[in-house]
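A.B. asks: Line order of the protein sequences matches chains A and B.
Residues are numbered in the numbering used here as their position in the first sequence, beginning at 1, plus a constant of 49.
Residues are numbered in the numbering used here as their position in the second sequence, beginning at 1, plus a constant of 536.
Read the hints as simulated data drawn from the structure, not as lab findings.
Be aware that one or more of the hints could be misleading.
Label pairs and their calculated CB-CB ranges [said to hold, decoys possible]:
(1) B:Glu690 - A:Gly363: 44 to 54 Å
(2) B:Gly820 - A:Ser108: 42 to 52 Å
(3) B:Trp786 - A:Asp279: 40 to 50 Å
(4) A:Gly322 - B:Val586: 26 to 36 Å
(5) B:Ile895 - A:Ala193: 53 to 63 Å
(6) A:Pro324 - B:Phe585: 22 to 32 Å
(7) A:Lys262 - B:Tyr877: 38 to 48 Å
(8) A:Asp279 - B:Arg951: 43 to 53 Å
(9) B:Leu598 - A:Asp279: 37 to 47 Å
(10) A:Glu199 - B:Glu641: 52 to 62 Å
Only some residues are given here: those of chain A computed to face chain B with a beta carbon under 8 Å [unchecked claim]:
(11) Asp110
(12) Glu145
(13) Glu149
(14) Asp152
(15) Leu156
(16) Glu400
(17) Ala407
Only some residues are given here: those of chain B computed to face chain A with a beta carbon under 8 Å [claimed, not checked]:
(18) Thr589
(19) His621
(20) Thr624
(21) Gln650
(22) Tyr657
(23) Ser664
(24) Ser909
Just so it is clear, CB atoms sit at the ideal spot from N, CA and C, and this is done for glycine as well.
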Amino acid sequence: MTAMKPIAAVAIAAGLVLAGTSAKAGEITVVSWGGAYTKSQVEAYHKPWMAQTGHKIKSVDAPNPAAPIKAQVKAGNVSIDVADVEYSDAVRYCDEGLLEIIDPSVLPPAPDGTPATEDFIEGALTDCAVANIVWSTVFAYDAAKFKGAEPKTIADLFDVKKFPGKRGLRKGAKPNLEMALMADGVPAGEVYKMLTTDEGVTRAFKKLDTIKKHVVWWEAGAQPPQLLADGEVSMTTAYNGRIFNAAIGEDKPFKIVWDGQVLDFDLFVIPKGAPNKDLAMEFIKFATDTQRLADQAKYIAYGPARKSSGKLVGLYQDGKTQMAPHMPTAAANMGNALVNNFEFWADRDSELNERFNAWIASN
Amino acid sequence: MPTATDTVAAGDLGPLTTGDGTPLKTALARATRRARLKALFLVAPLLLFVIVTFAVPIGQMLYLSIYNPVFSDNMPRLSSWLRAHDVTEVPGEDAFKALVLDLTEARANRTHAQVGTRINYERSGATSLFKSTARKIKKIKGPPYKDQLLALNEEWGELHLWTVMSRAAAPHTAAFYAQALDLSYDAEGDIVRAPENRRIYGHLFLRTLLLSALVAGLCLILGYPAAHLLASLPLKYSNLLMVLVLLPFWTSLLVRTTSWITLLQSQGVLNDMLVSVGILSDDGRLELMYNQWGTVIAMTHIMLPFMILPLYSVMKTVPKDFVRAARSLGAGPVTAFLRVYLPQTVPGIGAGVLLVFIISVGYYITPALVGGSSGQLISNQIAFHMLQSLNWGLAAALGALLLGGVILLYWLYDRLVGVDNMKLG
């Protein structure tokens with residue numbers, strides 16, 4: 050402890066000097082998904098960054114932070130400096146020339162000196178984006194609703210006979226088609242191969258047909274825990290961190306079924322022509338270092354995108370829940386897991402969503 | 537008497553003139569022209585504002601529905617080859633040479649993926665085809681271009697891809713309108729109906745019109761008696777009631793919509809009440825949210841002031857004596873209403889119905905929140921293509937069709953009822 054104090058003192062002094070010397074404190078706008086997720090970023094990234102640099106962060110919520118980027122870039126009136134987006138959007142927007150290119154070599158190395166390009170999980174760095182978390186779409190249920198047998202596999206999500214009640218699903222082709230096929234008995238490794246064929250897609254929609262009448266569609270990530278809490282649905286797909294926060298943070302009787310989970314990255318991007326591009330890059334460098342990524346896991350059950358952060362993940366903010374087993378990447382949860390294939394979605398997005406929209410609109 | 541002398545005088549003196557001898561007609565024209573210019577000058581700021589912030593952006597957006605130069609700008613050689621030739625089969629070496637040169641350049645400018653995205657609108661898989669080919673394009677250093685490209689990816693040898701590219705080569709396209717009308721092009725480039733599992737917009741246009749008409753009808757049924765009550769009560773009571781009409785009008789739309797979710801969802805206030813009273817069993821709860829009924833109920837509530845206000849303003853001007861006179865002359869209450877009162881309120885009905893209908897047709901937030909799948913309107917698809925799929929051409933085409941439809945209906949209304957007959961307040 051005594052040895053820590055001088056270091057802390059120096060750090061604080063350095064922070065003050067830095068804050069003092071940066072004559073003009075800047076402000077950046079960071080757009081994220083809202084709810085428990087934005088809160089975890091504010092606690093783990095925003096507050097420490099603001100304290101250290103003296104700059105300000107304006108945090109904005111959106112159902113999908115990628116959505117406003119195209120309109121802003123095309124109109125030449127960009128107000129977003131940093132957005133937290135999904136993998137397929139990061140790739141698509143980068144392809145469309147809507148994002149700044151990010152050179153991964155400027156990212157800080159791991160504490161043991163491993164360069165960032167090797168420290169990040171494979172696929173976490175792309176031309177225009179730096180991943181911060183690994184999250185997954187799982188399905189969860191209200192344990193109070195199922196006193197006897199409880200749902201165990203992805204097939205149970207589609208079994209309204211054995212487990213009656215409404216289902217919540219995300220309104221969109223992704224990842225409902227993947228989950229439908231896995232529920233229909235397709236092994237995770239063959240899902241995307243099957244979805245490239247017309248029969249595979251038809252099979253997925255047939256499976257979705259079996260529960261169509263029982264579905265309440267959700268769009269924003271904060272909706273599914275709400276639907277479960279209101280008793281509107283007995284089971285729903287959801288982002289795993291949202292269910293964790295409702296279950297552990299708010300003591301709701303919700304349980305996650307990891308079978309058939311679909312993993313994805315969330316990444317930071319900078320829209321082309323962002324008003325404070327350099328400051329935005331500074332923020333991304335800060336937020337995606339080893340310690341910060343590990344810190345975020347203290348507030349929400351999403352896995353850090355750096356290998357070196359894994360060891361630092363500790364207790365939940367309540368001080369007693371171990372976070373590691375709640376990570377989507379925990380070995381026990383990876384038994385039947387699918388990693389989202391962004392190339393597939395970059396290609397098929399418009400076709401499959403069109404078909405999905407036609408399917409949803411027909412009665 | 538004065539009239540007679542005037543005509544005589546005019547007849548005697550020839551054309552009327554002003555004091556300085558200019559003909560009255562010219563002077564009048566000059567005076568009114570000056571007045572008109574002055575008026576124009578006064579409204580000029582507003583006019584400019586409307587043009588700059590409204591007409592021009594809408595026009596630009598609509599233009600996107602027929603104009604997409606991504607392919608022709610970034611693949612200039614191939615585009616000019618495709619414009620000069622008729623693609624009926626997979627072309628030969630010339631076209632492939634142009635393709636390879638263009639793709640090499642696009643790769644250097646990082647525009648190859650945008651080109652792929654443009655083709656992907658009409659042919660799934662084109663995005664990754666362009667990206668994967670562009671990654672390896674440097675390997676092709678000289679002829680034979682066709683064989684080498686086909687060796688990289690044999691998809692380049694498919695006729696459908698070439699017909700899609702040949703259409704994309706012209707910056708002006710009808711492809712987005714075709715798609716918005718549930719049509720598509722087959723491999724030979726002929727227009728056919730889209731496969732059944734991808735037809736969506738026609739159905740949604742129809743649903744949008746029907747639900748909007750239903751909302752307008754419900755608003756009329758609910759709003760007419762309310763407006764009549766407002767118009768016939770003494771001022772001190774009617775003012776209070778008017779506040780009740782206006783209060784929800786001033787409340788945030790989102791607040792009102794989410795209140796309806798709380799009230800009507802299957803575990804909501806209304807269902808809980810009906811179950812506790814014993815009218816419904818716990819399994820038989822009404823499904824009033826996340827479907828068409830959710831959309832209709834919430835929208836009817838939100839639109840009601842748009843119906844009541846024009847009705848009220850018209851009813852206020854209808855003299856009460858007319859109905860009384862009809863009654864005293866022997867008409868029953870129904871006849872007096874139908875033949876005396878109702879015809880006098882037609883301008884208000886017309887204004888209210890048209891207003892509610894046109895606003896409903898473009899409604900977006902409420903159906904998105906409470907409409908589930910069966911209560912989605914065409915506006916939700918437009919939003920989807922604006923924000924999610926980023927296919928602005930299609931979004932613009934859908935918007936243009938909707939705008940055209942509304943204008944058509946407005947024209948029909950004008951022919952049948954007459955717009956002059958309308959009173960907005």
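A.B. asks: Could you run down the list of hints and mark each one as holding or not?
C.D. replies: Hint by hint, here is what the structure shows:
Between Glu690 of chain B and Gly363 of chain A the beta carbons are some 53 Å apart, a value that agrees with the proposed interval 44 to 54 Å. About 45 Å separates the C-beta atoms of Gly820 of chain B and Ser108 of chain A, a value consistent with the hinted range of 42 to 52 Å. A beta carbon spacing of about 28 Å between Trp786 of chain B and Asp279 of chain A contradicts the range 40 to 50 Å that was offered as a hint. One distance hint, 26 to 36 Å for the beta-carbon pair Gly322 of chain A and Val586 of chain B, holds here, with the actual separation near 28 Å.
Under the hint 53 to 63 Å, the C-beta atoms of Ile895 of chain B and Ala193 of chain A, about 43 Å apart, miss the expected range. Pro324 of chain A and Phe585 of chain B have their C-beta atoms about 26 Å apart, which keeps the hinted 22 to 32 Å range intact. Judged by the Cβ atoms, the range 38 to 48 Å given for Lys262 of chain A and Tyr877 of chain B holds: they are separated by roughly 46 Å. A hinted range of 43 to 53 Å for the beta carbons of Asp279 of chain A and Arg951 of chain B is consistent with their spacing of about 49 Å.
Taken as a hint, the range 37 to 47 Å holds for the pair Leu598 of chain B and Asp279 of chain A, whose Cβ atoms sit roughly 42 Å apart. The given range of 52 to 62 Å is respected by Glu199 of chain A and Glu641 of chain B, whose C-beta atoms sit roughly 59 Å from each other. Given hint, Asp110 of chain A at the interface with chain B, is violated; its Cβ is 14 Å from that chain's nearest Cβ, farther than 8 Å. For Glu145 of chain A, the interface hint holds, the least distance from its beta-carbon to any beta-carbon of chain B being 5 Å, beneath 8 Å.
About 12 Å separates the beta-carbon of Glu149 of chain A from the nearest beta-carbon of chain B, more than 8 Å, and the hint is not met. Among the interface hints, the one on Asp152 of chain A is violated; its C-beta lies about 15 Å from the nearest C-beta in chain B, farther than the 8 Å criterion. For Leu156 of chain A, the suggested interface contact is broken, since its CB lies about 21 Å from the closest CB of chain B, more than 8 Å. Interface hint at Glu400 of chain A: satisfied, since its Cβ lies 4 Å from the closest Cβ of chain B, which is below the 8 Å cut-off.
Look at Ala407 of chain A: its Cβ gets to within about 4 Å of chain B, closer than 8 Å, so that hint holds up. Because the beta carbon of Thr589 of chain B sits about 13 Å from the nearest beta carbon in chain A, more than 8 Å, this interface hint is broken. The beta carbon of His621 of chain B comes no nearer than 28 Å to any beta carbon in chain A, farther than 8 Å, and the hint placing it at the interface is violated. With 8 Å as the threshold, the beta carbon of Thr624 of chain B stays out of range of chain A, its nearest partner Cβ sitting at about 25 Å, so the hint is violated.
Annotation: Gln650 of chain B was flagged as interfacial toward chain A, and the flag holds, the nearest CB pair being 5 Å apart, inside 8 Å. Restraint check, Tyr657 of chain B versus chain A: the minimum CB separation of about 6 Å is within 8 Å; hint holds. For Ser664 of chain B, the interface hint holds, since its Cβ comes within 8 Å of a Cβ in chain A; the closest pair sits about 5 Å apart. For Ser909 of chain B, the suggested interface contact is upheld, since its CB lies about 4 Å from the closest CB of chain A, less than 8 Å.
The structure is inconsistent with the numbered hints 3, 5, 11, 13, 14, 15, 18, 19 and 20, although it conforms to all the rest.
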